[in-house]
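K.L.:
Each chain, letter by letter, is given below.
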Amino acid sequence: MDCLKIADREFSSRLFIGTGKYASSEVMRAAIEASGTEMVTVALRRVDIENPEDDLLAAIDREKYLLLPNTSGARDAEEAVRLARLARAASGIAWVKLEVTPDPYYLLPDGVETLKATEVLVADGFVVLPYINADPVLAKRLQDAGAATVMPLASPIGSNQGLRTRAAIEIIIEQAGVPVVVDAGLGLPSHAAEAMEMGADAVLVNTAIAVAGEPVRMAGAFKAAVEAGRGAWLARPGAVRRRGEASSPLTGFLRE
Amino acid sequence: MAVSSVLKINGLEREFPSEGVPETLLDLLNALGICHSTVVAEVNGRIIERQNFVNTRLEGGESIELVRFVGGG
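Chain order of the listed sequences is A and B. Mapping of the first sequence onto my numbering: position 188 corresponds to residue 188, and the numbering continues sequentially without gaps. Just add 1000 to wherever you are in the second sequence, counting from 1, and you've got my numbering.
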């Protein structure tokens, strides 16, 4: 069985799903189901005092899906740690997708603050999955600090641009001693398959599924792509060559 | 006896002029119509576990954050 192990949990699906941007809870629930995922990310926000009925958790079966709260909105380590601790109190589990994104335009993560927050949260008993730019050196530093995975971005969050950071992610995968989860910017199933073919351990997808014309169908397409890409990686692809190499025998031709 | 009739809830001041501030955090959530099983609170920067809502007394003047999970990536 080809299982992914993160901290003390095993996952048979290598596709993690974000829950933002869905048109309705019903569509989100159906897309999560169709994706085959076992872990979904959520964010933490102030309760709307004027409309307190809105409850995301009611739509997510917590027996089937591990909740992975994120620290989105945090601009520095201190805010991220505060959000992580609130999320732990809300979810009852100490897993956190750590994201520190002070820049509101590209939403790129701050590696320095992310490392600081990782150190604090690991010491506090958290399973930390940090979202980072595709920086192999930072990935190693986070791993040494006790991060359970590293989650390099493919391209800016929600941009659907695909694997713009391919060369750096290849190095991260080559050097990593923890699972590498490619997160952010994967816009098509082919992007997810490409990441998996490169040897990524998993991918995290939100926008590409949530904003598709048919999110449930797109969730199924991503599931198939992740499985295909993983299968290709396990099958060990043949070498890339510059010249042509005949697939048919070069003997027994019908000629003089 | 409440020392103030105002609570700062999620950044906004709210007055409880006639009846005074609710006695506990749980009373406050009930007064606001918020289902407490999905909410986490901070009172003056300190996280209050859900099971402690009932015994967290409010005096007035506290800054309270009420948060819950929403969709996110």
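For the record, the hints were derived by calculation from the structure and aren't laboratory data. Glycine is no exception: its CB is placed at the ideal position from the N, C-alpha and C atoms. Among the clues, some could well be false.
As the list claims (entries may be wrong) - So the derived list for chain B, only partly shown, Cβ under 8 Å to chain A, looks like this:
| # | residue |
| --- | --- |
| 1 | 1006 |
| 2 | 1010 |
| 3 | 1031 |
| 4 | 1034 |
| 5 | 1035 |
| 6 | 1038 |
| 7 | 1039 |
| 8 | 1042 |
| 9 | 1043 |
| 10 | 1047 |
| 11 | 1053 |
| 12 | 1054 |
| 13 | 1067 |
| 14 | 1070 |
K.L.:
Hint validation: residue 1054 (chain B) versus chain A, beta carbon distance must be below 8 Å. Holds or violated?
P.N.:
Interface hint status for residue 1054 (chain B): violated (15 Å vs cutoff 8 Å).
K.L.:
Is the interface hint satisfied for residue 1010 (chain B)? The criterion is a beta-carbon contact with chain A at less than 8 Å.
P.N.:
Holds. Min distance 4 Å.
K.L.:
Per the CB criterion, is residue 1039 (chain B) less than 8 Å away from chain A?
P.N.:
6 Å, holds
K.L.:
Does the CB of residue 1070 (chain B) sit less than 8 Å away from some CB of chain A?
P.N.:
5 Å, holds
K.L.:
Tell me if the interface restraint on residue 1035 (chain B) is satisfied: Cβ within less than 8 Å of some Cβ in chain A.
P.N.:
Interface hint status for residue 1035 (chain B): holds (7 Å vs cutoff 8 Å).
K.L.:
Holds or violated: residue 1034 (chain B) as interface residue toward chain A, Cβ cutoff 8 Å?
P.N.:
Interface hint status for residue 1034 (chain B): holds (4 Å vs cutoff 8 Å).
K.L.:
Restraint: residue 1047 (chain B) near chain A, CB-CB cut 8 Å. Satisfied or not?
P.N.:
5 Å, holds
K.L.:
Given residue 1067 (chain B) as an interface hint, is the shortest Cβ-Cβ distance to chain A below 8 Å?
P.N.:
5 Å, holds
K.L.:
Hold the hint about residue 1043 (chain B) up to the distance rule: shortest CB distance to chain A must be less than 8 Å.
P.N.:
12 Å, violated
K.L.:
Return the status of the interface hint for residue 1006 (chain B): holds when the least beta-carbon distance to chain A is below 8 Å, violated otherwise.
P.N.:
Status violated, d = 15 Å.
K.L.:
Against chain A, with CB atoms and a cut of 8 Å, does the hint on residue 1042 (chain B) hold up?
P.N.:
Because about 7 Å separates residue 1042 (chain B) from the closest Cβ in chain A, which is inside the 8 Å limit, the hint holds.
K.L.:
Do the numbers back the hint for residue 1038 (chain B), that is, is its least Cβ distance to chain A under 8 Å?
P.N.:
Holds - the Cβ of residue 1038 (chain B) comes within 8 Å of chain A, reaching about 5 Å at its closest.
Checked against the numbered hints given earlier, the structure breaks hints 1, 3, 9, 11, 12 and satisfies all the rest.
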